[in-house]
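There are 4 protein chains.
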Amino acid sequence: MPRIKVGVIGAGKMGRIHIENLCRMFEVDVKSVSDIYADQIKDWARDRGVSYITADYREIIKDPDIDAIFICSSTNTHTQIIAEGAQAGKHIFCEKPFSFDLEETKRALNVVEQAGVKMQVGFNRRFDHNFKRVRDIVQEGKIGDPHIIKITSRDPAPPSLDYIKVSGGLFVDMAIHDFDMARYVSGSEVEEVFVKGGVLVDPAIGEAGDIDTAVITLTFNNGAIGIIDNSRQAVYGYDQRVEVFGSKGCVTTNNDYPNTAQWWTADGVHGDKPLYFFLERYKESYVEEVKAFIDCIIHDKKPAVDGQDGLQAELIAYAAKKSLLESRPVKIEEIAHEKAVKQ
Amino acid sequence: MPRIKVGVIGAGKMGRIHIENLCRMFEVDVKSVSDIYADQIKDWARDRGVSYITADYREIIKDPDIDAIFICSSTNTHTQIIAEGAQAGKHIFCEKPFSFDLEETKRALNVVEQAGVKMQVGFNRRFDHNFKRVRDIVQEGKIGDPHIIKITSRDPAPPSLDYIKVSGGLFVDMAIHDFDMARYVSGSEVEEVFVKGGVLVDPAIGEAGDIDTAVITLTFNNGAIGIIDNSRQAVYGYDQRVEVFGSKGCVTTNNDYPNTAQWWTADGVHGDKPLYFFLERYKESYVEEVKAFIDCIIHDKKPAVDGQDGLQAELIAYAAKKSLLESRPVKIEEIAHEKAVKQ
Amino acid sequence: MPRIKVGVIGAGKMGRIHIENLCRMFEVDVKSVSDIYADQIKDWARDRGVSYITADYREIIKDPDIDAIFICSSTNTHTQIIAEGAQAGKHIFCEKPFSFDLEETKRALNVVEQAGVKMQVGFNRRFDHNFKRVRDIVQEGKIGDPHIIKITSRDPAPPSLDYIKVSGGLFVDMAIHDFDMARYVSGSEVEEVFVKGGVLVDPAIGEAGDIDTAVITLTFNNGAIGIIDNSRQAVYGYDQRVEVFGSKGCVTTNNDYPNTAQWWTADGVHGDKPLYFFLERYKESYVEEVKAFIDCIIHDKKPAVDGQDGLQAELIAYAAKKSLLESRPVKIEEIAHEKAVKQ
Amino acid sequence: MPRIKVGVIGAGKMGRIHIENLCRMFEVDVKSVSDIYADQIKDWARDRGVSYITADYREIIKDPDIDAIFICSSTNTHTQIIAEGAQAGKHIFCEKPFSFDLEETKRALNVVEQAGVKMQVGFNRRFDHNFKRVRDIVQEGKIGDPHIIKITSRDPAPPSLDYIKVSGGLFVDMAIHDFDMARYVSGSEVEEVFVKGGVLVDPAIGEAGDIDTAVITLTFNNGAIGIIDNSRQAVYGYDQRVEVFGSKGCVTTNNDYPNTAQWWTADGVHGDKPLYFFLERYKESYVEEVKAFIDCIIHDKKPAVDGQDGLQAELIAYAAKKSLLESRPVKIEEIAHEKAVKQ
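Residue numbers (our numbering), protein chains in the order written: chain A, 1243 to 1585; chain B, 1243 to 1585; chain C, 1243 to 1585; chain D, 1243 to 1585.
Any given hint could turn out to be false.
[Said to hold, decoys possible] Straight-line Cα separation of at most 25 Å, SDA-like style, residue types lysine to any residue; simulated pairs:
(1) Lys1525(C) to Ala1446(B)
(2) Lys1564(D) to Tyr1518(C)
(3) Lys1284(D) to Phe1268(A)
(4) Lys1490(A) to Ala1450(B)
(5) Lys1374(D) to Gly1513(A)
(6) Lys1525(C) to Tyr1499(B)
(7) Lys1543(A) to Pro1306(A)
(8) Lys1273(C) to Asp1289(C)
(9) Lys1384(D) to Val1443(C)
(10) Lys1255(C) to Glu1269(B)
(11) Lys1374(A) to His1512(D)
(12) Lys1543(C) to Glu1530(C)
(13) Lys1533(D) to Leu1517(A)
(14) Lys1533(B) to Glu1262(C)
(15) Lys1533(C) to Glu1530(B)
(16) Lys1490(A) to His1512(D)
(17) Lys1533(B) to Tyr1518(C)
(18) Lys1525(B) to Gly1513(C)
(19) Lys1490(A) to Ala1446(B)
(20) Lys1304(D) to Ile1540(D)
(21) Lys1490(C) to Met1256(D)
(22) Lys1374(B) to Phe1520(C)
(23) Lys1525(A) to Tyr1528(D)
(24) Lys1533(B) to Asn1501(C)
(25) Lys1543(B) to Gly1331(B)
(26) Lys1533(A) to Glu1526(D)
(27) Lys1384(B) to Met1267(C)
(28) Lys1273(B) to Glu1262(C)
(29) Lys1525(A) to Ala1508(C)
(30) Lys1374(B) to Gly1513(A)
(31) Lys1247(B) to Met1267(C)
(32) Lys1384(A) to Glu1355(B)
(33) Lys1384(A) to Gln1504(D)
(34) Lys1533(C) to Asp1498(B)
[Stated by the list, open to error] Computed far set for chain A versus chain D, every beta-carbon distance over 10 Å:
(35) Gln1329
(36) Gly1429
(37) Ser1430
(38) Thr1494
(39) Gln1550
Hints in this document: simulated from the structure, not taken from any laboratory. C-beta: ideal position from N, C-alpha, C; glycine also.
Excised from the complex, chain A in its bound form (with noise of 0.2 Å):
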């Protein structure tokens, strides 16, 4: 069987994790990664058996050997790459969001249809063994139809201010996840979104034009209402928690844990913490993401999370950002005309 190969545009944290992912496959080969600090990552790419570096992703898509690119540069790059990787008919695995701005995003979501090639955006935690098994759940009816959907997601910390300053926001930046997760679970697309947020973690965040805690309504065009909440600091770890009640019952989830030892003194009763963060809470997701993309270019299948699954959680990322803005509900046909009307 000749392997798929991949180049890996951007070596940064996901980067990284992707490229240790893919080289442990056996059906896959790492030719080459680009990343505009070459240099630094030349040794740690040679040891896992990569065998071209670069500064330049354009080499990455001129190579007519490479069938696939994993898009892990800054979000500012992506939707340029994207266009050129679709364009040279390079399958397509981009990490989340597309981009800042919503036209931005479906003009290169346009390139990719006419392309004809396969694009899927890392949003990882649908291929986490506890979410997916929530959606499992709720598609073979054991719970009836979907009433309420709740979503918990905090961070441990809070990322470095250079980081939030480029972020794009908590609602771009973090809670699309929860967005996605929302119409996954459901089964279900959001109509309107009501945000109450909040800078209760650090004021240096507020400053910085962010917020660090959100309570986010969504309402499902099925009728169905959704609840997030987000905290940019949950002092004990990773909190990643699901739950779908409908009208035969409810399904719900627990954190992970680095083990199930419990003990038992005069002081009460003790476990550890959940595990800490996303690149614990996932390890099993990201190697499961990019095992079903290689799995859908092996087998011509349709990616299971698409570009139109990309670009629904911006749209309501940035109903989000408006209804904290204006403190009302908004629409995210509102957000979609709007942008529409904009052009």
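Fit chains B, C and D to the known structure of chain A by using the hints.
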């Protein structure tokens, strides 16, 4: 020790729960019970040692022997009886809500205040072992400053349509307990409410002018944000959970179950459903609230849940109603002010 | 409905628990209580509505009004009172164990049988919500044929040395409840016992001729195998768990906790300790066992736990004692036979 | 950094697990694999980058390039290969048990000792996240002195009768892992064993001369008492739990599950079964044990589980066998002594 002499007004479901619990307290003598269907409860009350049964509650209020009255009659009679009881110098335990009209409630509270009698409102959930522990943990500072308060409150099955029609609606009838819980566990006052509600359980409830599903966002005066989700029908039983997330940690509770047995078979892992409804789930809390009330009479202490607590919960309920109608966040102040203006 | 008239003999810890519970039952009249320190309990009993308090239990037995007696005096008086009570035609509720001598126990049971009165032994744990559910699940066949029965039974703290000296030893005093539980949940009789015991908690217990830690292997007549582990000191509280493993699955129980609150902090996950000791853990089971006994009198039913159940548990306790002494598995038959030979 | 060159002898189930894991380690080069059915694994091994595949394990041992060998062939070949490998100066990772004969085991260990090579035995469960945490908690003194060690170890389904016939029996084949676990978590040596066993799962297992259910009591040299319960068939999946109870508390573990989803319906509370068997449950532990072995070669450290650990577990297994046959507690010393006498 002389026993506290109690008269119970209204021997419906709640009245009978209180009578059963009062009869088991060695410090209390349930001297008399009034009910408009006095004949129907005569035998039942006699068996419990109640010496006087009447159809006219005023006989109880006029009885100089009676130290305290329990008002368990229908809501539309509460404020009248409160006022008469207070003026007669009786201590008062009153079921929630005080009334369906804020001005009426305020007038009754004024009479109580002027009479200088003790009044406790039937927010029994404050005496629940789980929620009391949450409150303690928050107050001990174990989770730091509260940021997010989450309350799940779902009934196992909707009441009869007849009941729904006179209930005052989901907010005043059902969510009012959760509004009180939000104030209780957070230790803060609610400033603003936003509601997203729907009729997802039974169209007949919608036709009766009520909703059966609600997601409520609360904003507290210390910046914390609250979420309540309500449903009139959780087929697996009464779902009553609280979570408070703060700067130093998070405290959560689970439902109560009839036993801890879990059985593992080739089909999976199984357990019994949570306790069915409030009679089962809050059994002990009804005992505890009555003990607390009797205790505050004997030792001349401030009631644990007083008239102001009842009033605040009603204010939030009215704000919620308005938010639902007008699809916008509504400030509590607005309700308080509007009523004042109306005056 | 005429009330069952009850006399309670012995108003120590257990006697007072029964009196409290009986006084709260509308079907029962606790007419008289006897205790060798009658003076000390007079006020307490009066407050509970007991009309006659005496130092002489025979006054209760002679009283033709009394329907049933509760024997809660010290173990060495049980068989004598059983015999006298039965001959006087009283129904009997007796605390465990019947005696410290198998022949004495058997003679008392004979008298009861000839008198045709009802007798229930105080194995309250059969009425515990968790263990009752285990028994039900086993009997419903949900786990198939039982193969392994595991019982964890650890006290929070050892009793006083004075008590230990007259207790009859760990097997007769403490493990006897577990022997009954093994029979109850398995629905089988024990054939053989092997014990490994030690003094790991307090050397003074060893000096008093007892052990404080034991691991007991039971063989049932259907081939199933049982394990009991006992300790006189679990610093985290009363540890009472049962597990039955069978051909089609396994049923387990957990301890009971004062609440379901769990708090997560930077230090880990925390919860409160299990309920402290039998008064807290088995509170409801004491109510239920008394209800069951009263119910079997009113409706002329067979007691749920009868004299034979008491006897079998004692036989296992004696076999356990012998196994410890002789470091070998001992058959129950051997104990029964040996006693018969001795006769 | 030069890679450690490894040869794997035997590419059955365990051999292939180790090959997969070794191939994913950047520090290791799996140079050669031997298997008596070399032809059947050729393609599989090539795909994983193994350069040399042979039917003759001696080719691996003779290869001066090879640093370490993994012995995963059938048990009856272990000691011969250990001896040859050690004499050739190879570090050795050997699956358990070393042999079916204590003297043979001891002779092999002597060769290893004289050769001064490192040897690790395949007690992978020591590297399990749950049990490692138990051990740590015990060693940190969090539960004080261990008093009772409880190990539940049940397979989801019996192996084939063909396998059972050559397995050496339940103690040497299955319980040997639990004997090692008992030593590992307690930090103490076992002095005496008592076994109660039976054929409750499948009579054919009895006809093959083995048992399928066992309850094993262990006595440790520090006075602690251990309990192991084994079954060849737990229809709900692999049941692997450990509990250590001590003077200051208790530490327990639960099984691992494929996800944390729990669904609540009108029928009760449901969850998925535990992970099916050792391949799923101990997946990570196989990675970790191999990492530890490679690490001890690279950094010249003592193996975490050495030859003496393998020998001790075998001694306990033989004592267990004798206890079952003779229905009495058997001291480990007796086995060691008897074998010495036999010599």
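**25 Å limit on alpha-carbon distance, applied to hinted pair lysine 1273(C) and aspartate 1289(C)** = Distance of about 13 Å is within 25 Å: holds.
**Message:** Checking one constraint from the list: CA of lysine 1533(C) to CA of glutamate 1530(B), max 25 Å. Satisfied?
**Reply:** holds (23 Å)
**Asked** Holds or violated: lysine 1533(D) with leucine 1517(A), Cα cutoff 25 Å?
**Response** holds (21 Å)
**Asked** Are lysine 1490(A) and alanine 1450(B) close enough, with their CA atoms no more than 25 Å apart?
**Response** This hinted pair holds, its Cα atoms lying about 23 Å apart.
**Asked** Do the alpha carbons of lysine 1273(B) and glutamate 1262(C) lie within 25 Å of each other, as the hint requires?
**Response** Judged against 25 Å, a Cα distance of about 22 Å means the pair holds.
**Request:** With a cut-off of 25 Å on the C-alpha distance, tell me whether lysine 1384(B) and methionine 1267(C) pass.
**Result:** Answer violated: lysine 1384(B) to methionine 1267(C) is near 42 Å, above 25 Å.
**Prompt:** Are the Cα positions of lysine 1533(A) and glutamate 1526(D) separated by 25 Å at most?
**Reply:** The hint holds at about 19 Å.
**Prompt:** Between lysine 1490(A) and histidine 1512(D), is the straight-line Cα distance small enough, at 25 Å or below?
**Reply:** holds (13 Å)
**Request:** Verify the proposed pairing of lysine 1525(A) with alanine 1508(C), using a straight-line Cα cut of 25 Å.
**Result:** holds (22 Å)
**Prompt:** Is the hinted pair lysine 1374(B) and phenylalanine 1520(C) satisfied, with a Cα-Cα distance of at most 25 Å?
**Reply:** Holds, at about 23 Å.
**Prompt:** Going straight from one Cα to the other, do lysine 1533(B) and asparagine 1501(C) come out at no more than 25 Å?
**Reply:** Cα-Cα ~19 Å, so holds.
**Prompt:** In terms of Cβ atoms, is chain D entirely out of 10 Å range of glycine 1429(A)?
**Reply:** holds (16 Å)
The structure fails hints 1, 2, 21, 27, 32, 38 (numbered hints given earlier, in ascending order).
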